[in-house]
Amino acid sequence: MNQFIRLLKVAFKSILKNRMRSLLTSLGIIIGVSAVIVMVAIGEGSQKQIQQGIESLGTNLIIVFPGASRSGGVSRGAGSFNRFTFDDVEKIRSEATLLEGISPVVRAGGQVIGGSGNWSTSTYGVTPDYFEIRKWELVYGEFFTDRDVRGNKKVAILGKTVADELFPNQDPTGESIRIRNTPFTVIGVLKAKGQSGMGNDQDDVILAPATTVLYRMRGGRYVDMLNASAISSEKLAAAQEEIRVLLREAHRLNPGDDDDFNIANQAEITEAASETTRVMTLLLGAIASVSLIVGGIGIMNIMLVSVTERTREIGIRLSVGARSVDVLAQFLIEAVVLSLSGGIIGILLAFLITITLEQFTEMSTVINPTVIMISTLFSGIVGVFFGFYPAKKAASLNPIDALRYE
Numbered sequence: 013m014n015q016f017i018r019l020l021k022v023a024f025k026s027i028l029k030n031r032m033r034s035l036l037t038s039l040g041i042i043i044g045v046s047a048v049i050v051m052v053a054i055g056e057g058s059q060k061q062i063q064q065g066i067e068s069l070g071t072n073l074i075i076v077f078p079g080a081s082r083s084g085g086v087s088r089g090a091g092s093f094n095r096f097t098f099d100d101v102e103k104i105r106s107e108a109t110l111l112e113g114i115s116p117v118v119r120a121g122g123q124v125i126g127g128s129g130n131w132s133t134s135t136y137g138v139t140p141d142y143f144e145i146r147k148w149e150l151v152y153g154e155f156f157t158d159r160d161v162r163g164n165k166k167v168a169i170l171g172k173t174v175a176d177e178l179f180p181n182q183d184p185t186g187e188s189i190r191i192r193n194t195p196f197t198v199i200g201v202l203k204a205k206g207q208s209g210m211g212n213d214q215d216d217v218i219l220a221p222a223t224t225v226l227y228r229m230r231g232g233r234y235v236d237m238l239n240a241s242a243i244s245s246e247k248l249a250a251a252q253e254e255i256r257v258l259l260r261e262a263h264r265l266n267p268g269d270d271d272d273f274n275i276a277n278q279a280e281i282t283e284a285a286s287e288t289t290r291v292m293t294l295l296l297g298a299i300a301s302v303s304l305i306v307g308g309i310g311i312m313n314i315m316l317v318s319v320t321e322r323t324r325e326i327g328i329r330l331s332v333g334a335r336s337v338d339v340l341a342q343f344l345i346e347a348v349v350l351s352l353s354g355g356i357i358g359i360l361l362a363f364l365i366t367i368t369l370e371q372f373t374e375m376s377t378v379i380n381p382t383v384i385m386i387s388t389l390f391s392g393i394v395g396v397f398f399g400f401y402p403a404k405k406a407a408s409l410n411p412i413d414a415l416r417y418e
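Just so it is clear: in the sequence shown, position 127 is 139 by my numbering, and no numbers are missing.
Keep in mind that the hints were calculated from the coordinates and are not lab data. You can trust all of the hints, since none of them are fake.
When the alpha-carbon atoms are kept at most 30 Å apart in a straight line, the in silico DSS-like pairs for lysine-lysine are as follows:
{"id": "1", "residue 1": "K165", "residue 2": "K205"}
{"id": "2", "residue 1": "K205", "residue 2": "K147"}
{"id": "3", "residue 1": "K205", "residue 2": "K60"}
{"id": "4", "residue 1": "K147", "residue 2": "K165"}
{"id": "5", "residue 1": "K166", "residue 2": "K147"}
{"id": "6", "residue 1": "K203", "residue 2": "K60"}
{"id": "7", "residue 1": "K147", "residue 2": "K203"}
{"id": "8", "residue 1": "K172", "residue 2": "K60"}
{"id": "9", "residue 1": "K147", "residue 2": "K60"}
{"id": "10", "residue 1": "K247", "residue 2": "K203"}
{"id": "11", "residue 1": "K103", "residue 2": "K247"}
{"id": "12", "residue 1": "K103", "residue 2": "K166"}
{"id": "13", "residue 1": "K405", "residue 2": "K21"}
{"id": "14", "residue 1": "K405", "residue 2": "K29"}
{"id": "15", "residue 1": "K172", "residue 2": "K205"}
{"id": "16", "residue 1": "K172", "residue 2": "K147"}
{"id": "17", "residue 1": "K172", "residue 2": "K203"}
{"id": "18", "residue 1": "K247", "residue 2": "K205"}
{"id": "19", "residue 1": "K165", "residue 2": "K203"}
{"id": "20", "residue 1": "K405", "residue 2": "K25"}
{"id": "21", "residue 1": "K21", "residue 2": "K404"}
{"id": "22", "residue 1": "K147", "residue 2": "K103"}
Given these sequences and hints, build the entire structure.
In structure tokens:
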């Protein structure tokens, strides 16, 4: 133990003797460690943001899209493209036992005019269940009712972004707007939710009765999708299957026919998004870790130069009784100390970078302690691996030849 401490002191003395060279030698490790930690922190921060965004869509959410079911990206449906009607919604609402609510969604984009200007946004035609399914709250006014839906009432609820653009710093309740030249009365403003997990502004939206949007604005009889909410997370899969069975009945599909719709629940959406960010995080971390290898090569080159410069010193040590293993240990410890020092500085730099990113950008970062430990351990391993050859070369010098070296 005393021998190790003595060699450690010698290593630090040698490193501090050439501070600038030691810092430049460790630069590759510093950059590598900080890059790995920052890249992983950005990846995990993005994953957290996506999960929070998806959760803000609603709890126990089930989304049903029209179209043949798919497997591996290839359509498995052989029948015609079947879309949803209000009859499908009513069948599910009246017969399903595991749903808190279900709402059709009718989309209609376009220009909205009102207040101080105009704004291009999306208008969603929905029913009152939608507000609970997607966990919307109000800052002004009130939600529309089933009676408004049945009466095709031209009432609208503005998202916070739309309200701020058309009616800045005021309560727009009772004001008139025109959506694609159709007049509407504003009856409420939604509480801000921010961006979704996919990066879309959830507040850049207008909600209106589904019948009004379908019959007065878009025409036709088909809705774009269905949104539903299970009674609990434990019943999510069962509720999804219940919807599937009822839709197959409504669409008169035979037992051997493939579904002519697709169902996704919140857990599946979250898992798919998380898997994507996990892969990206690993990829970014792997790319950044290349810098550690480059840093290790830099340490090996400088240690070889150090061995050459200190050849006479090595010869003197060997001639007065030092063992080859002592010389090997000394140079190996120097390489590891250089590498670990670079790793520690890299960790501190990573903290500084992530704090700066969060302060001056909207980026979210999450520093994982496991990544810090792995990066520190890996930097030590890099020091051992790339320091062994120079240390071995120093230990194998012939004392007589070393003393003659000029």
